[in-house]
Structures are given as structure tokens and as C-alpha cells.
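Since the structure of chain H is already known, use the hints to place chain S on it.
Chains as they are written, first to last, in this note's numbering: chain H, 1 to 471; chain S, 1 to 471.
Derived by calculation from the structure, the hints in this document are not laboratory data.
Hints may contain errors.
The list makes no distinction among identical chains, and a pair is therefore deemed to hold if it is satisfied within one copy or across any two copies.
What the hints assert, rightly or not - Straight-line C-alpha distance at most 27 angstroms; calculated DSS-like pairs for lysine-lysine:
| id | residue 1 | residue 2 |
| --- | --- | --- |
| 1 | K320 | K247 |
| 2 | K247 | K125 |
| 3 | K321 | K51 |
| 4 | K3 | K453 |
| 5 | K4 | K222 |
| 6 | K437 | K337 |
| 7 | K247 | K51 |
| 8 | K222 | K247 |
| 9 | K160 | K125 |
Protein chains: 2
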Amino acid sequence: MYKKITAGIIQDLAGLVGPGSVLTDLERIVDYGHDEFSLREIARLPEAVVKPGTAEEVAAVLRLANRELFPVTPRGGATGLCGGCVPAQGGIVLSLERMNRVVEVDAANQMAVVEAGVTLGDFAKAVEERGYAFPPHPGDASAMIGGLIATNAGGSRAVKYGVIRNYVRGLEVVLPRGEIVRLGGKYVKSSSGYSLLHLMIGSEGTLGVITQATIQLLPPFKLTRSLIIPYADLAAAIESVPLLLQKSITPLAVEFVDRDVIRITEDFLRLHWPSSLGATDLLIILDAATEAEMDRLSEEVAAVCLERGAIDVYIADTAKKQDEVLQIRSKIYEAIKSGTVEILDISLPRAEIPGHVKRVHEIGVENRIWLPTFGHAADGNVHTHIMKVRCEGNRMVPLPEEAWRPRFEAVRAAIYEDGRRRGGVVSGEHGIGLVKKDYLSLSADPALIALMKGIKRTFDPNAILNPGKIF
Amino acid sequence: MYKKITAGIIQDLAGLVGPGSVLTDLERIVDYGHDEFSLREIARLPEAVVKPGTAEEVAAVLRLANRELFPVTPRGGATGLCGGCVPAQGGIVLSLERMNRVVEVDAANQMAVVEAGVTLGDFAKAVEERGYAFPPHPGDASAMIGGLIATNAGGSRAVKYGVIRNYVRGLEVVLPRGEIVRLGGKYVKSSSGYSLLHLMIGSEGTLGVITQATIQLLPPFKLTRSLIIPYADLAAAIESVPLLLQKSITPLAVEFVDRDVIRITEDFLRLHWPSSLGATDLLIILDAATEAEMDRLSEEVAAVCLERGAIDVYIADTAKKQDEVLQIRSKIYEAIKSGTVEILDISLPRAEIPGHVKRVHEIGVENRIWLPTFGHAADGNVHTHIMKVRCEGNRMVPLPEEAWRPRFEAVRAAIYEDGRRRGGVVSGEHGIGLVKKDYLSLSADPALIALMKGIKRTFDPNAILNPGKIF
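The following block holds chain H by itself, in its conformation from the complex:
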């Protein structure tokens, strides 16, 4: 159905974005064929990589794609975990990397306007320099704004400050047929027709190319403090969470972490985690405006957790201790990455976490696959890692491929099935992309998937934009 990228099309593309912004040589395009998903069998080499510098150039490329009928796969920082930016049906990869300007930090309206190719790290820096905070904290600093919005990225601070969706006030989007439109704007509330803004957020680059975003900023956090709270079992840890919230204590983050991965990460980073007791820790990060308020909150948290069965409460109260703890938590992914086949991202009712994690553990034992599981305790987003290594003390020992590969699919299916049974969905913050497509039906009725496909046809009748993703 799609046409190949011919020399003539390459020439046209070069005319649209400049010859230096169209790549075709293998050594330069090979990195544009994959994201962070570990199994490279899903990778596919693009026929060309195009790097537009403006929304008008994006629009011109999309109009050409509609005329010549070739696929266009938008790409940000490529830190995704589901193959969302893999050019699955060939055609061109449209990299937003050159559109990396922080256009404006608007103090009066407390919003920033940024191009899609600004990295999370650069954005956070620009915003902090101006005395603001951007609370969502979805991990990788090299992720780009456009991609974060396209996957509705979350992160550990969603419990108090919500996911990316809650911060996106406006978007400049190039629609698949090449119209440049603005959704939302520098305002907070709208009830003016269907929210195409919210439809675009999380649509994984299949309904339009995000070229610019208007983002709500918050005042900076005054004080933060981390508490590490070991428990003998996960159920008691999770049951502490609603008790905190009910006392009007809403932490910045409530993470649950597993003893095995903490040991491996301590060793990987040569840093020290304050607790070695119990089976699981809660990591609770508090923010407050004054030291007195922080002390009161810390005491209340400690009292609730100890009452509910916590073994101890460690407070990382110096900047150094706090930094160590947060580094360990944020680098777990990196520490175990070499042994990970796939990171699942099930989102389910918070109260179902203990039962789900217990079932995951059973599935691991039944299949002899190590399934370290941790995640966001207050918002019910659980990251089970399907591993191709065993855990021995603080070391990962590789398994032969025949020990994990034949069981991988069955393990994944069993975990998803348990998530579905508990009222969850396959992805909380990573998206569906290529890798989770087969499981979307566990999260959405056939009638809903049919509606999604109908929406896709309305936006993109020639199916040129990121085809083969989501459904």
C-alpha cells in the first residue's frame, strides 16, 4: 500500500527542510530504527531520517507524504519502552530534535512555551532558573517534551501533582494532512467543543505531530524530605497509603521497592540505601513550605506507618543522604537494564497492588523467571520487569536464551491477565506502541477500539502518520 522513498522524494524532502536535514546513509540512520525496548527484533531501519526546523516544514513534509503515500514516524528522545517511534512500516522518521527552543517562560501566566524537541532535562533547568518547578518527573532526562506528551508520561510524583496531561495547556500540532493548528492555549479551563487537546495527549504520534507545547508551571518546592520505611510484607506497606491520604497528607511520591533490586542498585552505584530490613520498602517523599510543617508531616507519616506494621522509619534529612536515596531509586532501571527483557507498566486500583504483586511472584516461581516488581504505590502503577537473568545476592546471572525466551510470552500474558482481572489497564505511562498492541484488547472493548480506529481515519485518512501503532 505504501510507496517506497525514491530518490525523487529524497530530493523533494531536501528541498523542504534543507539537504543537511535529510539523512540516508546507514551509519547515521541506524540509531533511528529503535527506542529503548530491549529486544531489537522489533527495530526497523527508516528509509530516511528528516529533521524539520519549523512547524511549517513539518506541514510540508506531511503534505508530501499524503501526496506520495509514504509513512511518517515522529520521533523525540526515543526513550520510549514500547517501540512507539520505530518506523514499523518503513518510510521516514521525522525527528523533532532540531526544534529544541524554550520559546518563552511567561511569569504573569506561569506557563512556559517550548518546542517539541526540548529535552526534559533542559526544560527543567530553564524553568528552575526562572524560579519555577515542573513537577512531573517521568525518569529519563533525555526524553523530549513532544514524546512525553504523546505518551502522557507520568512518573513518581503523579500522586500529588498528576501526570503530564494535567500540565499541558496548549499544543501546536501539525495534523496528518498538513494543517498547523493550535489546541488549547494559555488558559486553564475550557469547555469549548470536544477536547482535541486531551485526545492528542497520549495518542502516540498517530493523530498529529506535536511541534510546540504550552506548559503550566508551579512554584518551586521549598523543602523536600525522603523517608524510607521497611515493612515485612507489601500488603501492610500498601495499606498504609490510604491512611496517610485520609489524614490529609499527600506526599510528593510514594514508591514501593523490592529488596533484591535495591541490593543490586546499591552495588551498581556504590551507594548506600539506609534500610536492609524486611521484604519491601516504602520510599515516601514529602514536600512542605517550612521546617516546622515538614517535621509535623514526617512525624505523622512515621506514626501512621509504624502503627500499620512498619519495621522502622529512616529519614534522609541531609541533602547528601536524600540525594543517595533518590539516586538509587531513579537508577534501578539502569542498574538492571542489561538483564531486562521488558518492563511492564500495568496501572490498576491501588488496593489491588498487593494481590497483583503476589500473583506476579507466583508466576515468576512457576516459570522460573525473575520478575522484580516495584512502582508507584499511591497511584497503582506497577512496573514488573521480565528478566533474562537470575538474581544471586547482589549479582545478576545471565540465563541461556532457551531458559527465558520460550516462557516470555506466557509470563507476560499471565501478568496482563491478572492486571485485567483486577480492573487494570496494560499501560499507565509508557504507552502501547508496537509492543503492547496485542494486549490493548485487555484494556478496551472492541467497540472502543473500533471508535479509536474511526478517529484515526478521521484525522489521517491516508494512514501516513505512525502507522501500525496502538491498535
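This is chain S only, laid out in the frame that chain H set:
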């Protein structure tokens, strides 16, 4: 195009929902032909009113409507201000009033499950009895949950706690062709395909009939306190707001109110508003966990506002004083209702409020129409009231119809045009309905309106659900 409701269809409907739940006699259906919009020329009598008791009954009615091709207009509390639940093209009104159960308050997941016909008042009561809060506060207690979601209602607390959208975790929806589907669920994060949940929110009953909602609850507010802060001019008042936010003070609400309407409302309610100085007041409501925290916040707010030019700071620190102030603010609408033609609902960048309100004032003077304007200072949602009365001291004096009617359209158009010029949209929280249809093009490109129509066709190919609304 549409068929009339015949005696045979009435009989079919009675078979589906029970004969007692189908109304056809004039004196009982006449109230189902309008909402709270003041000009009754937009009202239209339904051919019948149908009151289903379950989602299955809603589904059966919609299937019948597709077979017989008659319009179905869903209706909640009918507290809307734009004719959204008026059966504009005839057919039946589908009233959700019988589906009024609070199904569950789930403490472990901190969410409530409620049917669409539960009123905001009953919902708030049920939630408070269980020790939770539902922060959005969109005014009318007789509004129903389904309608609040269908218009993405906002209210004065959006500055700190966001609009209804931020609280809706799941919906049970009957799609136009009669499929009963679930969008979202008892979880917080999802990135699992297009967010049909967020598309449904704010779609004004044109894409599906909301029958049940899963709503996030928050812990109760511990302490609240109201500050009334008079200013000589609105610009200085509005400029105080970002200064507060930048100091990490996020009030529960920041309202600006106009001296004239305060006087009329004081008189209407026979209550006393603490300030009579200046031209405009900020009403700032703070929430805090402890008295000490509240005192610190109040002092910081007072210091910022006085520094920025406030004339004085009144603190309503007793429950009685606070109650009086909040009653006056919340009853302004009622006090001036008899003189109001239309309440506008422009949402625009916060920093544009002073310029916009100044222009509104000029438009009022030019056209000799009183245009009292107040609203939500921190989120940029401005409610200009187009009046058919003059203000004399604390009295409203009716104008003859020929004094306001010929100018009404020009006044409205001029105000909308100024809102658009400043980057705003026609509705922040009321919706488009019938009344604002002609102005939707000021908020959305033709390409976007075409996409909205395409989405509508995908969901509702026979156009039976709430036809004639939004676009």
C-alpha cells in the same frame, strides 16, 4: 430527516422503561424543554420524556432511536446556561433523574462510584459523611454528576484543585448505537490507547450518555479561611495573583468581584460584606492543615496584597463571618438572575483579565448596557453578565426590551471578539450547547471543527444523540 415520535414508539418506550417512566402530557413535559438560559425563545417542547432506571434501559432506548431515527437529548439537573439539554430537534428527552444512587464509596482506593443522576449536593453530602472531600465546586447543588462531566464543569476552586476533568477516573457510557462501555476505571494513570475518557468529558451529551462515574476523592479540608481584599483598580488585584503563586501560596479560590453586584447581593440576602472600599475585591479562600500554617499563609497573603496596592485586608476568621462572605459570593448569580440576559464564560490568559474587563466596561458604556463582570482571578475564567436592567445603587431597574434587545447581539459579539484577540475561548466551564454555537469558530479553526464533526459521525452515524449542539 428525523421521524416523529408515534404512538407506536411511545408504546415501545413504555415497554423498555416502564409506562410510568414515559411522560407525554403537556403539564409534565413542559419543564423538560429548557434549562437555566434566560431567553425562553430557545426552549422546545420534547415529544416525550423518558426516564430510564438502568444503563441497559438507556441502551435499549438508544437502539430504538437508531432504528426509528428520532433524536434523544440527555438531561441531568438542567442547571446549564447554554441550552445544552434543550431538545433542539424534537424527539425525546432522556432524563437521568431516576439513576440517582451513590453506588459505592471505596475507602481503599479513595474513589466514589455514582450514577449520573446523583445531584452535586447529594454527592458532596455522601462523600463528606464518609470523611472525604470532592473539591470542585461548580455552583448549583442541583446539578447532576452526568451533566457536570458532560460540560467539564469548573467552579471557583479550580485554581488549587482543578476542574471536574481532573477527578473523573472512570465512566460507564452508553454509546449512541447502544453499546454499554467502560472508559477508565479505579486507577489514576492510563496511557492505553486514545483517551476516550477525556474525549467524553466535556462532549455535552453528543458522543454518549454517561450513566455512571468513578470519581477521585480527596481528604477533607482541615481549615479554611476567607480574606476579602479591596483594591482601587482591578489591574493591581489581578497582578497580585502570580505573586502569591510564586511564593508557593496556592489558595483554594481567588475570585474577583465587582462592587455593584456585591451591594445588590448584600441587599438581596440581607447579609453584610465586610468591605465597601475601592472598585473591586479579591476574595481569597485559603486551606491549611493547622492554625499555625493558616496564620502564616494569611500573613503572607496580606503582605503581598498590601505591597501590590490593596487598600485593606479583611479576614473572615469566624465560621459565621466566613459563611456570610461565601453566601454572598455564591448567591450573586441568584441575586442578579432576574435581570440577566446571558452569562458569558470566557476563559483567557490570567494576565489578560484586566485588559479584557476594561474593554467589557467600555462596550457597556458604548451600548448603554450594564455588564457586571466577575469570576475566577487565578484561572482566567471571566463571567460577564449581559443585563436587561440598570444598576442604581443597590437596586436593579428594568430596561424596556427595545433598550437592550437590539444591542444584545452586538454587545456579545464585541466581548467575544475581545476574548479571542487575547487568546481566550468562548467557554471555560459552561459549554457551548445551543447558545454559543455561532461563536465556536472563535475558539477553534475550521480544520478542528471538521475533526469534531468527523468524531461525531464516528460515534453517532445516525446523529440521534443530542443533535444540533456544539457545532
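Review point. Going back to the hint list, which numbers does this structure go against?
Key: The structure breaks hints 3, 5, 7; every other hint is satisfied.
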